[in-house]
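Engineer: Using the sequences and the hints given, assemble the complete structure.
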Amino acid sequence: MREEIERIFPGLKTDVYSITSPRTPSYNCVAWAVGQVETWWWPDPMEQAFWPSEIPRRETIDVFIQAFGTLGYVLCATAVVEPGFEKIAIYVTSATKPTHVARQLPNGTWTSKLGKLEDIEHATLDGLNGSPYGSVALFMRRPIQQQTS
Amino acid sequence: MSYAVPGRRTDYRLLTEESYVPADPQSPDRPLLTGSSQLLEARLHYYMPISRQRQSVAERFRELVGIWKAGTAPLSSATEMATHPAYQQIIGLGRDAVPLLLRELQREPDHWFWALKAITGVDPVEPRQRGQIREMAEAWLRWAREQGLGR
Chain A
1 MREEIERIFP
11 GLKTDVYSIT
21 SPRTPSYNCV
31 AWAVGQVETW
41 WWPDPMEQAF
51 WPSEIPRRET
61 IDVFIQAFGT
71 LGYVLCATAV
81 VEPGFEKIAI
91 YVTSATKPTH
101 VARQLPNGTW
111 TSKLGKLEDI
121 EHATLDGLNG
131 SPYGSVALFM
141 RRPIQQQTS
Chain B
1001 MSYAVPGRRT
1011 DYRLLTEESY
1021 VPADPQSPDR
1031 PLLTGSSQLL
1041 EARLHYYMPI
1051 SRQRQSVAER
1061 FRELVGIWKA
1071 GTAPLSSATE
1081 MATHPAYQQI
1091 IGLGRDAVPL
1101 LLRELQREPD
1111 HWFWALKAIT
1121 GVDPVEPRQR
1131 GQIREMAEAW
1141 LRWAREQGLG
1151 R
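Protein sequence lines, in the order shown, are assigned to chains A and B.
Using the numbering used here, the first residue of the first sequence is number 1, and each one after it goes up by one.
Using the numbering used here, the first residue of the second sequence is number 1001, and each one after it goes up by one.
Simulated from the structure, these hints should not be mistaken for laboratory data.
Remember, predicted model here, so these are calculated numbers, not experimental data.
There could be a bad hint or two in this list.
Unchecked claim - Here are the simulated lysine to aspartate or glutamate pairs, EDC-like style, with alpha carbons at most 16 angstroms apart: (1) B:Lys1117 with A:Glu4; (2) B:Lys1069 with A:Glu118; (3) B:Lys1069 with B:Glu1080; (4) B:Lys1069 with B:Asp1110; (5) A:Lys97 with B:Asp1110; (6) B:Lys1069 with A:Glu47.
As the list claims (entries may be wrong) - Covered stretches of chain A (chain B as the covering partner; in silico rule of three or more C-beta atoms under 8 angstroms from a C-beta of chain B): (7) 33 to 42; (8) 74 to 85; (9) 108 to 121.
All residues carry an ideal CB built from backbone N, CA and C; glycine is no exception.
Structural biologist: Below is the structure:
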């Protein structure tokens, strides 16, 4: 499992990370970021994945900001841990197309569902930089008491 | 008898379909293959290009499924999954692929819903079920039974 993950994300070879779930196609990084494990979230125009009905189905950063906004997230400047808030980091390609979302844990590390692969906890956001996720474009936060699970 | 050495200039005038045997690159004076089945395989390889070899729909489907699963495993984008070349080729297999997709969905639920919808022109998944893989798979398998496609 680690070999496959590190082949896809070579940056993890030098990062501290652990695998925290079995692999499954049942949920993805967006669902995991908001605490869900039964649904695949994505703004696909074919309307096969879940997406908030009031938000357009387009793969743009603005659409992702709007979608997370429906769950109480607002933009914030940094990844620094802020007591009382949980943060997410949105990765985009060089063409600013969203690819991945990671959620910050209370200890400042991050948790990610890697597509249909496993969940991992990773010490830094840099470990997932590069293809296929690109790099972090922005951070959002919401009060922890609004957490859905 | 003439032997052809990969990467080495060969006088093809000496090669005929009856006499041609590939040579061992380490020992050019010896044939690479000696068994009759290996000879047959070698002849097929050299005289029947991949583009002319016949592959069943089921074999092609399995091959494309493997390519698609490997190529999309780390992706979250349902759009990228559905526009992956292997996925598009599966859609291109047409109605022959429907029972194969349904069996695959039953064996290991995955994001085959767009392919099924694209081929059949129907969508038995209710809007409230979108994104819920197991429920979507159940909806498609129920539809298959209703259509007499189930086992």
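Engineer: Give a verdict on every hint.
Structural biologist: To see whether the hints hold, each was checked on the structure:
1. Straight-line distance between C-alpha atoms of lysine 1117 of chain B and glutamate 4 of chain A comes to about 31 angstroms, which puts the hinted pair past the 16 angstroms bound.
2. A C-alpha spacing of about 14 angstroms is found between lysine 1069 of chain B and glutamate 118 of chain A, which places the hinted pair at or below 16 angstroms, so the restraint holds.
3. Using a Cα cut-off of 16 angstroms, the hinted pair lysine 1069 of chain B and glutamate 1080 of chain B holds, with the two alpha carbons roughly 12 angstroms apart.
4. Taken as a hint, the lysine 1069 of chain B and aspartate 1110 of chain B pair is honoured in the structure, with Cα atoms around 9 angstroms apart against an allowance of 16 angstroms.
5. Restraint check: the Cα-Cα separation between lysine 97 of chain A and aspartate 1110 of chain B comes to about 24 angstroms, which exceeds 16 angstroms; the hinted pair is violated.
6. Among the hinted pairs, lysine 1069 of chain B with glutamate 47 of chain A is inconsistent with the structure: their alpha-carbon atoms are about 21 angstroms apart, more than 16 angstroms.
7. Coverage of the region 33 to 42 of chain A by chain B holds in this model, with 5 residues showing a Cβ closer than 8 angstroms to a Cβ of that chain against a need of three.
8. Check on the region 74 to 85 of chain A: 0 of its residues sit with their Cβ under 8 angstroms from a Cβ of chain B, so the three-residue criterion for coverage is violated.
9. For the region 108 to 121 of chain A, the proposed coverage by chain B is satisfied: 5 residues have a C-beta within less than 8 angstroms of a C-beta in that chain, meeting the threshold of three.
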